[in-house]
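K.L.:
Line by line, the protein sequences are chains A and B. For the first sequence, this note's numbering begins at 347 and goes up steadily by one. For the second sequence, this note's numbering begins at 7 and goes up steadily by one.
Keep in mind that a hint or two might mislead.
What the hints assert, rightly or not - Under the rule of at most 25 Å between Cα atoms (straight-line distance), these lysine-lysine pairs were calculated in the DSS-like manner:
no., chain 1, residue 1, chain 2, residue 2
1, B, K128, A, K386
2, B, K370, A, K405
3, B, K278, A, K385
4, A, K447, B, K370
Simulated from the structure, these hints should not be mistaken for laboratory data. Since the model is a prediction, treat every value here as computed from it, not as a measurement.
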Amino acid sequence: MNTVPLTELAAVIRSKNAGPYELTVDIMFKDERDYLLLKKTNFFTKQLFARLYGIPEGKVINVVYFDAAFAVKCTMVRSTVSGAPGDTDIYGAQQHAPLLKLRVPLTRSEGPPA
Amino acid sequence: MKRAAFKVLSPTAILGYGFPEESFRRGVEKKPDLIAVDAGSTDPGPHYLGIGKSFTSRLAVKRDLALMLEGALKLGVPCIIGSAGGSGAREHVAWTESIIREIAGEQGYAFRMAVIYADVSKKDVLGAMRKGKVRPLYPAPEIGPGEVSKSVRIVAQMGVEPLLEALEQGCQVILCGRCYDPIPFAAPAIQKGYDTGLAIHMGKILECAAIAATPGSGSDCVMGTLLDDCFEMESLNEQRQFTCISTAAHTLYEKTDPYALAGPGGLLDLRKTRFEALEGGRVRVSGTKFVAANPYTVKLEGVKRAGFRTISIAGIRDPILVDTIDSVLDTIRIKTKEATGFDGGLFFHLYGKNAVMGALEPEKDSRPCELGLVMEVIAGTQQQANTVCSYVRSTLLHFGYPGRISTAGNLALLYSPSDIPCGKVYVFNIYHLMEVDDPKGLFPMEVYEVTP
Numbered sequence: 347m348n349t350v351p352l353t354e355l356a357a358v359i360r361s362k363n364a365g366p367y368e369l370t371v372d373i374m375f376k377d378e379r380d381y382l383l384l385k386k387t388n389f390f391t392k393q394l395f396a397r398l399y400g401i402p403e404g405k406v407i408n409v410v411y412f413d414a415a416f417a418v419k420c421t422m423v424r425s426t427v428s429g430a431p432g433d434t435d436i437y438g439a440q441q442h443a444p445l446l447k448l449r450v451p452l453t454r455s456e457g458p459p460a
Numbered sequence: 007m008k009r010a011a012f013k014v015l016s017p018t019a020i021l022g023y024g025f026p027e028e029s030f031r032r033g034v035e036k037k038p039d040l041i042a043v044d045a046g047s048t049d050p051g052p053h054y055l056g057i058g059k060s061f062t063s064r065l066a067v068k069r070d071l072a073l074m075l076e077g078a079l080k081l082g083v084p085c086i087i088g089s090a091g092g093s094g095a096r097e098h099v100a101w102t103e104s105i106i107r108e109i110a111g112e113q114g115y116a117f118r119m120a121v122i123y124a125d126v127s128k129k130d131v132l133g134a135m136r137k138g139k140v141r142p143l144y145p146a147p148e149i150g151p152g153e154v155s156k157s158v159r160i161v162a163q164m165g166v167e168p169l170l171e172a173l174e175q176g177c178q179v180i181l182c183g184r185c186y187d188p189i190p191f192a193a194p195a196i197q198k199g200y201d202t203g204l205a206i207h208m209g210k211i212l213e214c215a216a217i218a219a220t221p222g223s224g225s226d227c228v229m230g231t232l233l234d235d236c237f238e239m240e241s242l243n244e245q246r247q248f249t250c251i252s253t254a255a256h257t258l259y260e261k262t263d264p265y266a267l268a269g270p271g272g273l274l275d276l277r278k279t280r281f282e283a284l285e286g287g288r289v290r291v292s293g294t295k296f297v298a299a300n301p302y303t304v305k306l307e308g309v310k311r312a313g314f315r316t317i318s319i320a321g322i323r324d325p326i327l328v329d330t331i332d333s334v335l336d337t338i339r340i341k342t343k344e345a346t347g348f349d350g351g352l353f354f355h356l357y358g359k360n361a362v363m364g365a366l367e368p369e370k371d372s373r374p375c376e377l378g379l380v381m382e383v384i385a386g387t388q389q390q391a392n393t394v395c396s397y398v399r400s401t402l403l404h405f406g407y408p409g410r411i412s413t414a415g416n417l418a419l420l421y422s423p424s425d426i427p428c429g430k431v432y433v434f435n436i437y438h439l440m441e442v443d444d445p446k447g448l449f450p451m452e453v454y455e456v457t458p
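Given only the sequences and the hints, what does the whole structure look like? Please build it.
P.N.:
As structure tokens, this is what we get:
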């Protein structure tokens, strides 16, 4: 199967706190067709994020597809509460790196825009 | 009945982050019905609620407020500030109030001002807990009365109701303690009968100002215009615009579920929300519904003391030490415990290795040419933290690790003094929902006639 780097398809890949107890990552696609194809094949799952971050699946709260922004969002339980002793990223803003190396399966039909 | 458009000017994402005066003037020329700003966030961490200070600077807040008050008084419209001082506790509100009074004195302003507090006493939380009316906001843990007693400060996020009361009393300036972020932008429109769901959704975008535009910015002005069945967003700086994507994307920002945004007394349902591009870099949003919750709940935020911190910062460039750093630090940890008896918080943050992602770091075997090391001690007193940090730093500096050929010192210490006492450390320990009978009951209001 053909795979392409996620960074080629995404306009935005970011992480941030969703409150002090949660870390949330957003992936927004440039092209609606890429987004819809990956949504249809349900590529982004709790299992995928658990593997990328080396955490148990139970720590992945949800994976949500948001059509209006061609976006996939995954929220996880923070391993340390924001600002608590041992925390390494108070805002949770630099936890997106594993997604920058991800490749996604995609067979693009180079037709006119849908 | 068709209502006139209700325009809300949002100057900046956080009071004190600044904004271009030109953008603001352009906004004032469009005659907004309200100028509002959000000053709060839990993002900077638990320290600010614990210590009772703002994460923004006084001069910056004064500069922003001076322009906002000038604009609002000139137009004769309300000026509303949410989550004063960042964390919205009594000290933060008092700090912001003193700035407002200072501006009024300097400029000769007179206005009626409401100050609404959001502090919740431990007694009230414990009482509600006994009645089963306090529950953790997942994934915050269940807590008992002992944990509540440890809190040094607890605030609740107010909903729209206390602000409606202030508006009824004819207050032009409303200074709020901790507040659900969209509320300062939504309350006057809700008072006038506009749809609650649309008003709050517009407030949700406005509270971050130009962050939702493209290119985004945390320090520029935007305008939201509320109509009967939709609202429209526009940038007040021609270098930015709203697009369907930028506006929709903002709905995701810092939230767990973009289709259901919970707040005091209910949630926003975005499953039917539509985003439509208009000319002039504007976007129209419709379809968002507010679903009232019963019972009414507010979110509590509380912090407790976790000790005192001292840090020391150093670089490591020796490749032999870089290669063996993990085992060397393990040894230092053991030596520290043996020599000082300290068994508390000792953290080594290794920049260049895994300081940013910690256990989540997937690239565990990277081999940098240098490492940044922050040695961190959290102890029961500042003196103990200083003592332990000093021991860790000096022991590591001269430790004869296996294979060492550089015998003059292992660390490139960044500063003199090398150890930095950081003061009190706080941690969040309450992040819970509390059921209330009266949405105004927790939020006492004082009304003043401010004169120069």
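K.L.:
Determine for every hint whether it applies to the structure shown.
P.N.:
Hint check:
A hinted pair counts as satisfied when its Cα atoms are at most 25 Å apart, and K128/B with K386/A does not qualify at roughly 50 Å. Using a Cα cut-off of 25 Å, the hinted pair K370/B and K405/A holds, with the two alpha carbons roughly 21 Å apart. Restraint check: the Cα-Cα separation between K278/B and K385/A comes to about 19 Å, which is no more than 25 Å; the hinted pair holds. Annotation: proposed proximity of K447/A to K370/B holds, straight-line Cα distance about 14 Å (limit 25 Å).
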